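Residue numbers (my numbering), protein chains in the order written: chain A, 1 to 256; chain B, 1 to 283; chain C, 1 to 326.
Derived from the structure by calculation, the hints contain no laboratory data. No experiment lies behind these values; they were computed from the predicted model shown. Accuracy of the hints is not assured; some may be wrong.
Said to hold, decoys possible - Derived PhoX-like pairs (lysine-lysine); straight-line CA-CA distance at most 20 Å: (1) Lys-323/C - Lys-224/C; (2) Lys-201/C - Lys-136/C; (3) Lys-120/A - Lys-64/C; (4) Lys-120/A - Lys-77/C.
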Amino acid sequence: MRLVRKNIQYILIPFALGLFILLWEFIVSVNQYPSFILPTPGQVAAAWIENWQNGIIPRHLGLTLFEVGLGFGMALTFAVTVGYLLAKSPLLEKIVSPYIVATQSIPIIAIAPLIIIWIKTGPVQNAIIAALITFFPMLVNTIVGIRNIRAEYRELMRSYAANRWQVFTKLEVPAALPVFFGGVRVGITLSVIGVVVVELLWADRGLGFLLNFARGQLDTPLLFATVATLSAMAISLYIVVVLLERIFIQWRRSMQ
Amino acid sequence: MDQPTHIKIESVSKHYGNPRDGVPALRDVSLEIRAGEFLSVIGPSGCGKSTLLKMIADLLSPSAGRITINGKTPQAARRARECGVVFQSPTLMEWRSIEANIALPLEIVGTPSVEREQRARELLDLIRLRDFAARYPRELSTGMQQLVATARALAYRPSILLMDEPFGSLDEMTRERLGQELLDVWERTRVTIVFVTHSVGEAVRLSDRVVVLSARPGHVTNVIDIDLPRPRPADVRALPRYFELLREVRAALHSSGEVSQIVASSDSHVVEIDARLSDPMTR
Amino acid sequence: MKKFVGLLVGLVVSGLVAGCASAPTPTSAALTQVSVVMGYIPHVQFAPWYLAEKKGYFAAAGIKVNYNWGFELDGVKLVGANQADFAMLGGDQVLQARGQNIPLVYVANYYNTFPISLISLKEKNITSPKDLIGKKVGLPGFYGATYTGWRAMLYASNIKESDIQTQDIGFTQVAALTQGLVDAVAGYSNNEPVQLKLAGKDINVLNVGDYSKLVGIGLVTNEKMLAEKPQVVQAVVTALMRAMQDTVKNPSEAMDATLTNLPEAGGSTLKTTQAVLDATISLWKSSRVGFVDPADWSVSYKFMKDAGFIKTDFDVTTAYTNKFVP
Chain A
1 MRLVRKNIQY ILIPFALGLF ILLWEFIVSV NQYPSFILPT PGQVAAAWIE
51 NWQNGIIPRH LGLTLFEVGL GFGMALTFAV TVGYLLAKSP LLEKIVSPYI
101 VATQSIPIIA IAPLIIIWIK TGPVQNAIIA ALITFFPMLV NTIVGIRNIR
151 AEYRELMRSY AANRWQVFTK LEVPAALPVF FGGVRVGITL SVIGVVVVEL
201 LWADRGLGFL LNFARGQLDT PLLFATVATL SAMAISLYIV VVLLERIFIQ
251 WRRSMQ
Chain B
1 MDQPTHIKIE SVSKHYGNPR DGVPALRDVS LEIRAGEFLS VIGPSGCGKS
51 TLLKMIADLL SPSAGRITIN GKTPQAARRA RECGVVFQSP TLMEWRSIEA
101 NIALPLEIVG TPSVEREQRA RELLDLIRLR DFAARYPREL STGMQQLVAT
151 ARALAYRPSI LLMDEPFGSL DEMTRERLGQ ELLDVWERTR VTIVFVTHSV
201 GEAVRLSDRV VVLSARPGHV TNVIDIDLPR PRPADVRALP RYFELLREVR
251 AALHSSGEVS QIVASSDSHV VEIDARLSDP MTR
Chain C
1 MKKFVGLLVG LVVSGLVAGC ASAPTPTSAA LTQVSVVMGY IPHVQFAPWY
51 LAEKKGYFAA AGIKVNYNWG FELDGVKLVG ANQADFAMLG GDQVLQARGQ
101 NIPLVYVANY YNTFPISLIS LKEKNITSPK DLIGKKVGLP GFYGATYTGW
151 RAMLYASNIK ESDIQTQDIG FTQVAALTQG LVDAVAGYSN NEPVQLKLAG
201 KDINVLNVGD YSKLVGIGLV TNEKMLAEKP QVVQAVVTAL MRAMQDTVKN
251 PSEAMDATLT NLPEAGGSTL KTTQAVLDAT ISLWKSSRVG FVDPADWSVS
301 YKFMKDAGFI KTDFDVTTAY TNKFVP
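Isolated chain A, as found in the complex (with noise of 0.2 Å):
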């Protein structure tokens, strides 16, 4: 019994997807759906496992994840440097804030043909536009990390006539950390939605241009499987975001 209480989350996890299948099919089944309006979670699989087999899922699952790590990787950088600058010059950020807010509230349909116009349509490109809905929240708790660090602990590293390498290598780094970390986490999962969004919008190819496929093919369980897929993807992506916060934060264990 001890040995379940222990490990009663690895049991739950499966317990409730179990539920949530069992349902679907009951609902289903009940309401006699055609399998293009919803199909049963068999139909899925079965879907799902064809055309793993026959490479489509896979070359789709494969550029998506390209533009997803590649828009990620964009957002990354942008966000950490420019929120590090934003972070220490409280002028900048008040002049500059307004535009970065403003971004995020443009719909990327608004302006559709003036990225088109400017850098045509392709991966590369995806992944920039996704890398656009990416970076708020990786800026914005950049800033965050940075700014929530006590004045004391800068005196501190004053008192040592510390350079500027060493505050941020010592003390601004580790301390924003966490918070950082948060930001990444969101961005992640962003990074995947920005991808399918512009991929659904004007791609030949990834899950997004999967997704519209099989619609047009009405093809229901397509559709779902590459949803799952997506789900799936992201889902992972996410636990690699934890598991490096677990490393490069190790200390925090000892709270727990």
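Keeping the supplied structure of chain A fixed, place chains B and C upon it in accordance with the hints.
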């Protein structure tokens, strides 16, 4: 450490904000601190004692007057790492182990790692916390953290230790014990200690001299010699001379301006300063 | 806006550098690059294009076609602003653009009728536009080709828009119809009817093309192309027309070409792909492939004007030309 440390504070004033409507913190403070002495600075809340300490540490600059440390400006002294600072809160880095925290100043000055480890262990022994080397600050009580902060401040063997109400947030028992530990450390290292406190008993118990500041804007009203025996005996508080000195310091505090003074601060809400201080030991 | 653009530049620079680095291998200097805005994602309806590629018709004419796929790419704006060379657009779109002084020119027909249909389940007994009065019709939106087609059908049948109850159902036509949310839906003639039949439903189909002469989808370019590179336009038109004829003559060949370029269409949905291809053949069939009767253009212009899609008058003959068609 046998070099004469000499802190000279000459007619120092400090003003926050602009001269017209800002907050005056210190007014014309002059003081000389001798090498190797344990000097306490005491005064009512807001009298500027922390400000004074920070100016010595070059974390603030005076609006008028001059401070010289070992013949150098505070900035030069800071760059030459002549002072170690202990703040009101331990300010330990929670992502570093105790040992790594103590070694931090040495990392910054570029001490090679073997020497760093050795010195860190030395300091841990000094404060008798060797067993806690691998623990993290969160696992220690505030009192122990302050002890670690003190050891850290001594890492590169500064000639001066500046302490800003280091035991202020601790309970009476811990305060006493830490005060005793501090004396131990001082006996062995003979650094010059400038110790800001608001506890009369503590000031008398630990110091060679006690400097009394007036209420804001602070200036020196009394400098009282504490001629209790060194090393301080364990039962120092039973000595009649102790009580006399307590009364002397308290009297100096009460007469250092007003018992109760109302000063309008720059953001125009009224600040009332009460010069009465409590020391449970004298009740 | 300036700051946003500035931010975008910063990101774009790194993107462009990376993009250039990952650009396709250089083509031989002899091939002329042309861009075509397809207006949709890769799909079997573009079989003639796939066939033309497979048989090398474009390459033989010294042309390399760069396809711009996606629903949200606006061919009207891109070609109109000379940012793309060609687009697949409906006659209605070209007329509407011309009404806004956008210099588009329709150079070859692709679908011989306006490819919109009104679909209903057989039991509703809707066999003519008048039968729709009093019924609920679902449209994917009150804009775009489907809406224009719907209006064209009403116009040709003398029915007022307000006589029939319409509802915006987004792109859920099949579901809306089978679940009984609406009585009829508007969709593409080669798409929704096909899918419904495959789903085993008995349906009635009203083709807009049977009632209105509104010009359907074709290859569109801009005045600049016509002035500066008419030979390129001719090459593309010739290659495409040839491929369309080949597709009609030999659908299985076109199917193979499609599957080569779009393997996804051959997966679990092969049946759908095949059925859609079969349904589209009738849209490509023509006694003179690519040609549009000027009378049809006049009729289209009158409709667009009366229906309020065109605000300012213009000479409709500037909107099209048949000179490139064989």
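Status of each hint after checking the structure:
Taken as a hint, the Lys-323/C and Lys-224/C pair is honoured in the structure, with Cα atoms around 16 Å apart against an allowance of 20 Å. Only pairs whose Cα atoms come within 20 Å are accepted, and Lys-201/C paired with Lys-136/C is accepted, the gap being roughly 19 Å. Pair hint Lys-120/A plus Lys-64/C holds up; C-alpha atoms about 17 Å apart against a cutoff of 20 Å. Our distance criterion of 20 Å between C-alpha atoms is met by Lys-120/A and Lys-77/C, whose separation comes to about 14 Å.
When each numbered hint is compared with the structure, no violation occurs for any of them.
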